[in-house]
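Participant: Use these hints to put chain B onto chain A, whose structure you have.
Number of protein chains: 2
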Amino acid sequence: MIQKPRGTRDMLPDEMERRREIEARMRARARLYGFREIATPVFEELELFTIRSGEGIINEMYVFEDKGGRSLALRPELTAPVLRTYVEEGRSLNKPIKWCYFADCFRYERPQKGRYRQFWQFGAELIGADSAMGDAEVITLGYDLLRTAGVKFVLRIGHLSFMRTLLADLADGDKKKIRAFLDKREEEAAVTYLRDIGQDQLCDPLIRLCGARTLDDVFAVIGEIPEAARIREMFAILDASGILYEINPAIARGLDYYTGVVFECFAEGLGAENQILGGGAYRLAHLFGGEDTPSAGFAIGFDRVMVALGEESWIPWQPQVMIITTSEGRDYALTVAEQFRMNGIITETDLMDRSFSAQMKAAGKSADYAVIIGKEEVATGTITLKDLKAGTQEKVTADEAIEKLTSA
Amino acid sequence: MIQKPRGTRDMLPDEMERRREIEARMRARARLYGFREIATPVFEELELFTIRSGEGIINEMYVFEDKGGRSLALRPELTAPVLRTYVEEGRSLNKPIKWCYFADCFRYERPQKGRYRQFWQFGAELIGADSAMGDAEVITLGYDLLRTAGVKFVLRIGHLSFMRTLLADLADGDKKKIRAFLDKREEEAAVTYLRDIGQDQLCDPLIRLCGARTLDDVFAVIGEIPEAARIREMFAILDASGILYEINPAIARGLDYYTGVVFECFAEGLGAENQILGGGAYRLAHLFGGEDTPSAGFAIGFDRVMVALGEESWIPWQPQVMIITTSEGRDYALTVAEQFRMNGIITETDLMDRSFSAQMKAAGKSADYAVIIGKEEVATGTITLKDLKAGTQEKVTADEAIEKLTSA
Numbered sequence: 003m004i005q006k007p008r009g010t011r012d013m014l015p016d017e018m019e020r021r022r023e024i025e026a027r028m029r030a031r032a033r034l035y036g037f038r039e040i041a042t043p044v045f046e047e048l049e050l051f052t053i054r055s056g057e058g059i060i061n062e063m064y065v066f067e068d069k070g071g072r073s074l075a076l077r078p079e080l081t082a083p084v085l086r087t088y089v090e091e092g093r094s095l096n097k098p099i100k101w102c103y104f105a106d107c108f109r110y111e112r113p114q115k116g117r118y119r120q121f122w123q124f125g126a127e128l129i130g131a132d133s134a135m136g137d138a139e140v141i142t143l144g145y146d147l148l149r150t151a152g153v154k155f156v157l158r159i160g161h162l163s164f165m166r167t168l169l170a171d172l173a174d175g176d177k178k179k180i181r182a183f184l185d186k187r188e189e190e191a192a193v194t195y196l197r198d199i200g201q202d203q204l205c206d207p208l209i210r211l212c213g214a215r216t217l218d219d220v221f222a223v224i225g226e227i228p229e230a231a232r233i234r235e236m237f238a239i240l241d242a243s244g245i246l247y248e249i250n251p252a253i254a255r256g257l258d259y260y261t262g263v264v265f266e267c268f269a270e271g272l273g274a275e276n277q278i279l280g281g282g283a284y285r286l287a288h289l290f291g292g293e294d295t296p297s298a299g300f301a302i303g304f305d306r307v308m309v310a311l312g313e314e315s316w317i318p319w320q321p322q323v324m325i326i327t328t329s330e331g332r333d334y335a336l337t338v339a340e341q342f343r344m345n346g347i348i349t350e351t352d353l354m355d356r357s358f359s360a361q362m363k364a365a366g367k368s369a370d371y372a373v374i375i376g377k378e379e380v381a382t383g384t385i386t387l388k389d390l391k392a393g394t395q396e397k398v399t400a401d402e403a404i405e406k407l408t409s410a
Numbered sequence: 003m004i005q006k007p008r009g010t011r012d013m014l015p016d017e018m019e020r021r022r023e024i025e026a027r028m029r030a031r032a033r034l035y036g037f038r039e040i041a042t043p044v045f046e047e048l049e050l051f052t053i054r055s056g057e058g059i060i061n062e063m064y065v066f067e068d069k070g071g072r073s074l075a076l077r078p079e080l081t082a083p084v085l086r087t088y089v090e091e092g093r094s095l096n097k098p099i100k101w102c103y104f105a106d107c108f109r110y111e112r113p114q115k116g117r118y119r120q121f122w123q124f125g126a127e128l129i130g131a132d133s134a135m136g137d138a139e140v141i142t143l144g145y146d147l148l149r150t151a152g153v154k155f156v157l158r159i160g161h162l163s164f165m166r167t168l169l170a171d172l173a174d175g176d177k178k179k180i181r182a183f184l185d186k187r188e189e190e191a192a193v194t195y196l197r198d199i200g201q202d203q204l205c206d207p208l209i210r211l212c213g214a215r216t217l218d219d220v221f222a223v224i225g226e227i228p229e230a231a232r233i234r235e236m237f238a239i240l241d242a243s244g245i246l247y248e249i250n251p252a253i254a255r256g257l258d259y260y261t262g263v264v265f266e267c268f269a270e271g272l273g274a275e276n277q278i279l280g281g282g283a284y285r286l287a288h289l290f291g292g293e294d295t296p297s298a299g300f301a302i303g304f305d306r307v308m309v310a311l312g313e314e315s316w317i318p319w320q321p322q323v324m325i326i327t328t329s330e331g332r333d334y335a336l337t338v339a340e341q342f343r344m345n346g347i348i349t350e351t352d353l354m355d356r357s358f359s360a361q362m363k364a365a366g367k368s369a370d371y372a373v374i375i376g377k378e379e380v381a382t383g384t385i386t387l388k389d390l391k392a393g394t395q396e397k398v399t400a401d402e403a404i405e406k407l408t409s410a
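Protein sequence lines correspond, in order, to chains A and B. Going by the working numbering, the first sequence opens with residue 3, and the numbers climb by one from there. Going by the working numbering, the second sequence opens with residue 3, and the numbers climb by one from there.
Treat the hints as calculated values from the structure; they're not laboratory data. Mixed in with the good hints, there may be bad ones.
Since copy identity is lost for identical chains, a pair holds within one copy or between any two.
Each computed DSBU-like pair below joins lysine-lysine, with the alpha-carbon atoms no more than 30 Å apart [to be verified]:
| no. | residue 1 | residue 2 |
| --- | --- | --- |
| 1 | K367 | K406 |
| 2 | K6 | K69 |
| 3 | K406 | K391 |
| 4 | K397 | K97 |
| 5 | K97 | K406 |
| 6 | K115 | K154 |
| 7 | K377 | K367 |
For reference, chain A alone in the conformation it holds in the complex (with noise of 0.2 Å):
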């Protein structure tokens, strides 16, 4: 027997009906922030994904040639390749540019319990605009996008320059060191390095910081940065708007590109894989050949929503219509189907040119209504709708069946 390839998976029918519902409540929800859907290539020149994330990412992707011997990978996520749109194709659009996309990403790794190869976002990027409105929209739409989703979550917001002013005299090598040790949540091994290197005065302020929930908290350990009243005045937008939040300065992110504000989001109940959202400002259009360009963005991880959620189905209810006839009622039934479906009910006929008792039958198993067309309905112009829970029956009209199930 021919298997998916491992580490991925097929979605059957409720598990697409649900991703299809969530996907497109975002979508919606986006669109009235005037963010508006795009997409970009399932694969793009491997070196767009190199000149954001390194060549270490290399090994994370799945890597191969075009017929002119160019290297592909297959996108491990939609940043770069929507900045590389902008780029190409954006750049005489005004400013500033909402986009959001919903897409699969791709991951080269051995199969791990939960994280497949293939993988869907709902992402959003603010191009062009550098200012506290812009990045408080681009926070209070992933949160709201969460929240149209129906999940539970925490969202923690950060800044960066809290963390490199803190760490400003350090080389290179060692703040890359303590923002890995952070991004792992591992606040102990960043003070125990910071010991091993002879910067014991930034041990206690580290952790201070790291603990800080207050922007008064955070400007007490760093002092008033240039960025403090830009950071303020965002955090009282979201406060105007409504948004719950934690301040966290340890939120590092993995990538160097992030500038300033970071943001994450965790969903109840996930265990370790519980990071729903990530985002934050950045800068990245330079690397692709196009002016500098400020922007602000987020991916929700769009599977861990989904598991967030559940399996239970809060799809609205819709009935579903068997149609049992014989062949006397066959081109009467087509006609009743049509109308059914003309008028949003889901509708079927027997297919498997079974008897008027396995219809029934088969019915039971699939249907909420069971639409008898027998010769004496032909004959009056009627059908017989059978409520196939309740066990009852009446003779109608297709409008008056049509009528009812309308409106139950």
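Facilitator: Only chain B this time, still in chain A's reference frame:
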């Protein structure tokens, strides 16, 4: 400048909005027939596609290896993956299985105008039904999806038994050659070929069969074959459903695995690349390790449908609002923005720290209405709603503005 890979494209918001609208219409319509969406991985084991389509397809696919050294291919089509999913995960489901998909596929070839390396298909597969009603429903669904999309097209239906009966005495290699000619719509070449292999007596019947446009004409050439009753029934069902079609016995489809009815749709005004749907009855499950299972399905060339629909904006108009304010009005503006969005109105605020007059200018470029919030509006709990096209404005409450915009 890093560019998108050759033969790929980016889709900007206007295009994506049109595509998502058509995708949603097709999905909703398929659902009404009981066809529900599934998703399969973007890549599959190479073997899945060579089993279906022959070794020749390897040169037309993107092939690469996973960490375990297995050959994977980006899917060139979805029928094989859907049937693989059926064999792997769907065999215990009630028959018939009705699945649809909307997915991207890949072709590895030198780029040509209008042929992209990543392309989209909307398709459906009916698995486990072997009946005139089943065949007719698959055709009806394909027809209905294209009508739902709003594209103008013709539907041509054939049946492989027609040509098979006529060519029954030829060697397999000769049958294949003839079918290849017919597939490319090269009837004359097929006739010449028959002559060259000394089968002159088939030339006239082949021409008559290719030209037959009624079942009576078809059976006049090949006789009343065993399949005739079922074929007549299927067309009678299509007639009862009001489906418009042309009978065309020359439709051969490219692949060996088709078994019965075959059908294709062609759009107006697309030139040579005008086929927008292809489908038929086939058997494939047994090749993937399942039982021999009758199936029927089709795939719609979604990108060509979008080209056929043209670029005019036929997305329902939604008013776009830009809120214009100064720092004193900011918090009130945020509240109004949220209130507007909650009522489904696209509402943006300035993210560029623009002056009042620069905000007005920007609104003129992108919005239909400006909501002006100055000191007086804040003090009185009102807003000034300006119709940017008419140039008129009025002072109203947010509720009144919402009422006006949502009833427009």
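Participant: Flag every earlier hint the structure violates by its number, smallest first.
Facilitator: none
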